[in-house]
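Student: Chain residues, written in single-letter form:
There are 2 protein chains.
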Amino acid sequence: MLLDQQWFSEIDQPTGTAFSLRIKEKLHEEHSEFQKITVYETTDFGRMMALDDVIMVTDRDNFIYHEMLVHPALFIHPNPREIAIIGGGDCGSLHEVLKHHSVTQVTQIEIDERVTRVSEQYFPALCESNTDPRANFLFTDGIRWMQEAAAHSLDVILIDSTDPVGMAEGLFNTAFYRECRRVLRPDGILAQQTESPLLHTAILQKAHHSLRTAGFAQVRTLHFPQCVYQSGWWSATLASAESLASMRYQDCVEKKFTTHYYHADLHAASFVLPQFIQTALNT
Amino acid sequence: MLLDQQWFSEIDQPTGTAFSLRIKEKLHEEHSEFQKITVYETTDFGRMMALDDVIMVTDRDNFIYHEMLVHPALFIHPNPREIAIIGGGDCGSLHEVLKHHSVTQVTQIEIDERVTRVSEQYFPALCESNTDPRANFLFTDGIRWMQEAAAHSLDVILIDSTDPVGMAEGLFNTAFYRECRRVLRPDGILAQQTESPLLHTAILQKAHHSLRTAGFAQVRTLHFPQCVYQSGWWSATLASAESLASMRYQDCVEKKFTTHYYHADLHAASFVLPQFIQTALNT
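Order-wise, the sequence lines are chains A and B.
Taken in order, the first sequence gives residues 1 to 283; the numbers are from my numbering.
Taken in order, the second sequence gives residues 1001 to 1283; the numbers are from my numbering.
Keep in mind that the hints were calculated from the coordinates and are not lab data.
Take the hints with a grain of salt, since some may be wrong.
[Unchecked claim] Quick look at which bits of chain A chain B covers, simulated, 3 or more residues with Cβ under 8 Å:
| # | region |
| --- | --- |
| 1 | 3-12 |
| 2 | 39-48 |
| 3 | 262-270 |
[Unchecked claim] Label pairs and their computed distance ranges (CB to CB):
| # | chain 1 | residue 1 | chain 2 | residue 2 | range |
| --- | --- | --- | --- | --- | --- |
| 4 | B | N1173 | A | E33 | 52 to 60 Å |
| 5 | A | D4 | B | Q1121 | 27 to 35 Å |
| 6 | A | G215 | B | N1136 | 56 to 64 Å |
| 7 | A | S243 | B | A1280 | 33 to 41 Å |
| 8 | A | Q6 | B | H1031 | 24 to 32 Å |
[To be verified] One-sided excerpt, in silico: chain A residues whose CB lies under 10 Å from chain B:
| # | residue |
| --- | --- |
| 9 | T15 |
| 10 | S196 |
| 11 | Q278 |
Glycine included, every Cβ here is placed at the ideal spot set by N, Cα and C.
Chain A with its partners taken away, still in its complex shape (with noise of 0.2 Å):
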């Protein structure tokens, strides 16, 4: 039952648990200003590439997870145009958010440059929109960058960081999110990744009442699964001042792009939320 060196292994001991992926061959290995930055030809799952040993992207499911962070609340919106990734530095996000066509501007603010590189590298198909005259990249820190945007300048702010340990700790707090709800209109949408509901329920908990009490009045969570993060189910979860609960349902059934998880019926259906998690979020 021992697993040898030919898979590579993502253990989350605060959680007991472990994923595994078999692997080729490793592509690349640096550590970058901030972390450690592997890349892995596997069996199954085509490309993946792990910050500080925590996978982040493989070729075969990050659909899942870029569809699920970014469509809801795009569809959500009357009229995404200026956007914000904080993170999202293998550009799976940005990849999503340039299908619309109502977007005029995302900027990305991902801390560490060499992420985007490597990802520029060794996952093309992700980076395809990167030459997009709207994507405009930022290699800084997050939320200094927050504070110091313009009030009202932004229609949604999309949170694609690691967990909220370490680096990202300062993504999943209240102070700044009463910056993100000030940068945004006041018809503003943010959108954060938001762990497992399983293993994770606090870290929901905790974001729910930390973005009410920046002012968000509406706050849902969306949940999906994802096969190479910790438990194999996620979670985003979106903030407003104003209503989640409508969508521009017509805009979505006629887009003309490709989803592969993401539908219009399945963006109702992804905010259900199980009754453990109703309960431990008081929704």
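Fit chain B to the known structure of chain A by using the hints.
Tutor: Chain B alone, transformed into the frame defined by chain A:
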């Protein structure tokens, strides 16, 4: 990155994935007539039972699988009284079925009596309804039992089996489904666990095809997270000669028993399939 002896790893060679739980100790190991049965105390998931080193059930997350295999079928059926469970040796599905007051008899046909005896010893919560006078235990081959069962004698058949290799393979083909169709009453419903939507799409396609070939005009798949099964994402497929589109919604809202994942609104949401599965199944 190697996992040591403190971890139990389920290695799925065909998909190049593995899932591991950290263990405190091995509580039980035996080789029954049919398979190796082991029980571990884990650090974070309570007790875990594995059959031939494939995880079947943990204290922490079995509720999702058992609720989602059982309640959708039983709340779609107008008046489920007589039920058969093929497999289901851990008795978790039986426990959920017996929560329904309409049920008058449940026959559980599990080939390996030792699985049930081990579950009684180590998973008392799953087995707490085993003494219910409506429960009838048979330890024999489910395929033969179905061949010999009287026509139109059941309302619901639940197929709660291991993966469709080896022993369980015969539970996933047209011949077996034809027998189920014969044994079900005209408004009867079959519900079967049908593996991972991500990793086993071909099994889902084959199940749909075989169920239709066997005379089930209506076939619908639902999906749910299941941390300890391959990919962390699982499915169940329901089949009937009659429509599966509606449910006893008000009965479900007013149900007198507790569920932790399933509820009335989640019922419909769980049948909304991702785009790539809709495409694969032509639904």
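Student: Each hint: holds or not?
Tutor: Structure-based check of each hint:
no.: 1; hint: 3-12; in the structure: holds (count 7)
no.: 2; hint: 39-48; in the structure: holds (count 4)
no.: 3; hint: 262-270; in the structure: holds (count 7)
no.: 4; hint: N1173/B / E33/A: 52 to 60 Å; in the structure: holds, 57 Å
no.: 5; hint: D4/A / Q1121/B: 27 to 35 Å; in the structure: holds, 34 Å
no.: 6; hint: G215/A / N1136/B: 56 to 64 Å; in the structure: holds, 59 Å
no.: 7; hint: S243/A / A1280/B: 33 to 41 Å; in the structure: holds, 35 Å
no.: 8; hint: Q6/A / H1031/B: 24 to 32 Å; in the structure: holds, 28 Å
no.: 9; hint: T15; in the structure: holds, 6 Å
no.: 10; hint: S196; in the structure: holds, 8 Å
no.: 11; hint: Q278; in the structure: holds, 8 Å
Checked against the numbered hints above, the structure violates none of them.
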